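Asker: Residue numbers (numbering that gives the first Met the number 0), protein chains in the order written: chain A, 0 to 209; chain B, 0 to 209.
Note that these hints are calculated values from the structure, not bench results.
Only a predicted model underlies this, so the values are computations on that prediction, with no experimental measurement involved.
Identical copies go unnamed one by one, so any copy, or any two together, can satisfy a pair.
Below, computed lysine-lysine pairings styled on DSS-like, alpha-carbon distance capped at 25 Å:
#1 Lys201 x Lys104
#2 Lys201 x Lys93
#3 Lys104 x Lys93
#4 Lys104 x Lys141
Number of protein chains: 2
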Amino acid sequence: MTHHSSNLIADMEQRYRAAFINSLGGFKSVVLVGTVDLQGATNLAIFNSLFHIGANPPFCGLVFRPDTVERHTLSNIISTGVYTINHLNERIYKKAHQTSARYPKDQSEFEATGLTPEFSEGFQAPFVAESRVRFAVEMREKIPLGINGTILMIGQITDVWLPEEIVQPDGFVDLEQAGTLTCSGLDSYHRTQRLARLAYAKPDTWPECR
Amino acid sequence: MTHHSSNLIADMEQRYRAAFINSLGGFKSVVLVGTVDLQGATNLAIFNSLFHIGANPPFCGLVFRPDTVERHTLSNIISTGVYTINHLNERIYKKAHQTSARYPKDQSEFEATGLTPEFSEGFQAPFVAESRVRFAVEMREKIPLGINGTILMIGQITDVWLPEEIVQPDGFVDLEQAGTLTCSGLDSYHRTQRLARLAYAKPDTWPECR
Numbered sequence: 000m001t002h003h004s005s006n007l008i009a010d011m012e013q014r015y016r017a018a019f020i021n022s023l024g025g026f027k028s029v030v031l032v033g034t035v036d037l038q039g040a041t042n043l044a045i046f047n048s049l050f051h052i053g054a055n056p057p058f059c060g061l062v063f064r065p066d067t068v069e070r071h072t073l074s075n076i077i078s079t080g081v082y083t084i085n086h087l088n089e090r091i092y093k094k095a096h097q098t099s100a101r102y103p104k105d106q107s108e109f110e111a112t113g114l115t116p117e118f119s120e121g122f123q124a125p126f127v128a129e130s131r132v133r134f135a136v137e138m139r140e141k142i143p144l145g146i147n148g149t150i151l152m153i154g155q156i157t158d159v160w161l162p163e164e165i166v167q168p169d170g171f172v173d174l175e176q177a178g179t180l181t182c183s184g185l186d187s188y189h190r191t192q193r194l195a196r197l198a199y200a201k202p203d204t205w206p207e208c209r
Numbered sequence: 000m001t002h003h004s005s006n007l008i009a010d011m012e013q014r015y016r017a018a019f020i021n022s023l024g025g026f027k028s029v030v031l032v033g034t035v036d037l038q039g040a041t042n043l044a045i046f047n048s049l050f051h052i053g054a055n056p057p058f059c060g061l062v063f064r065p066d067t068v069e070r071h072t073l074s075n076i077i078s079t080g081v082y083t084i085n086h087l088n089e090r091i092y093k094k095a096h097q098t099s100a101r102y103p104k105d106q107s108e109f110e111a112t113g114l115t116p117e118f119s120e121g122f123q124a125p126f127v128a129e130s131r132v133r134f135a136v137e138m139r140e141k142i143p144l145g146i147n148g149t150i151l152m153i154g155q156i157t158d159v160w161l162p163e164e165i166v167q168p169d170g171f172v173d174l175e176q177a178g179t180l181t182c183s184g185l186d187s188y189h190r191t192q193r194l195a196r197l198a199y200a201k202p203d204t205w206p207e208c209r
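Given only the sequences and the hints, what does the whole structure look like? Please build it.
Answerer: In structure tokens form, the structure reads like this:
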């Protein structure tokens with residue numbers, strides 16, 4: 000094991016440090032966020048900062064760095080109050096990654112990458128038709144993190160679309176069966192291979208596979 | 000594709016909904032958080048809510064539900080200001096899962112599960128000796144999320160230990176090579192298989208593998 004001290008980390012070249020620190024968080028959720036501006040122009044952006052906040056009501060969080068291409072997504076969410084979250088799969092991950100390029104505001108990442116916008120009646124933001132697990136989110140709270148200027152967006156999951164056969168009898172959604180991918184660092188994409196689902200842990204028993 | 004409306008989600012049985020909603024976030028980081036109380040008693044707890052907040056300075060976030068076994072971890076962090084984050088691998092994931100059992104405050108999850116505490120000079124919180132990627136964190140900010148009573152803890156990564164051979168020339172850490180696992184839902188553990196690392200995206204080119 001090699002020790003990297005805080006001084007060593009502070010002295011790292013900026014891009015090297017970004018790659019290094021972004022890796023430490025482990026394998027992460029990677030999703031496409033679909034939005035629309037007040038004129039109806041669509042936008043699509045890849046995020047690896049989605050996290051679970053609560054199940055009842057169903058809340059999720061996303062972290063925004065306002066100085067990047069994500070700013071179109073953020074301003075669209077603030078304008079319209081809604082967004083979609085779409086899981087990646089093997090057929091679309093390269094197109095998904097490409098949405099992180101700095102396209103001008105008037106060019107939709109759907110058009111630029113060849114992903115297909117799909118709309119649900121009564122909901123403004125576009126879904127990604129090629130995504131097999133996707134859901135609609137309504138903005139609930141925007142929390143600026145004073146510590147470094149990032150913004151935490153909390154949203155409520157309203158409507159969910161997924162293939163019925165991947166929902167298990169206990170509510171667990173088998174994302175591996177859906178082909179959902181995970182990512183690490185800033186640019187590494189991975190499929191998964193299940194080891195086990197483990198039973199609810201109790202002090203007096205040892206974890207069993209479900 | 001099946002549609003689950005917000006009414007359908009609100010009407011789900013509580014545990015079913017917890018499993019369902021926890022799955023939607025995609026594959027997640029899963030780590031062991033090591034802490035110590037003011038008397039020096041060690042505590043270890045599994046978390047799947049770690050997320051990246053910034054690389055310079057290096058900040059990470061963790062979400063706490065204060066009504067669960069996580070409360071020992073939270074109170075220890077508040078008391079001592081420090082914690083460790085330790086990646087899971089195939090050899091320890093069952094023991095890691097078992098730390099989520101409701102052990103009494105006076106029983107260390109290290110002892111209960113057979114994981115080995117390891118200390119670094121000058122740092123109070125215990126690392127997991129069996130973890131191949133681990134780092135020390137200092138508490139920076141505790142943000143109560145009024146929307147549902149969860150707590151967001153922001154910490155600064157200070158010292159990192161990992162096998163030197165998994166650090167790539169550009170700073171990327173090859174977690175797959177380290178055997179780091181990912182999880183989905185509340186109880187499903189997965190190894191990964193890399194598809195590709197993709198080059199930094201630019202509007203006028205198509206993503207290349209690195």
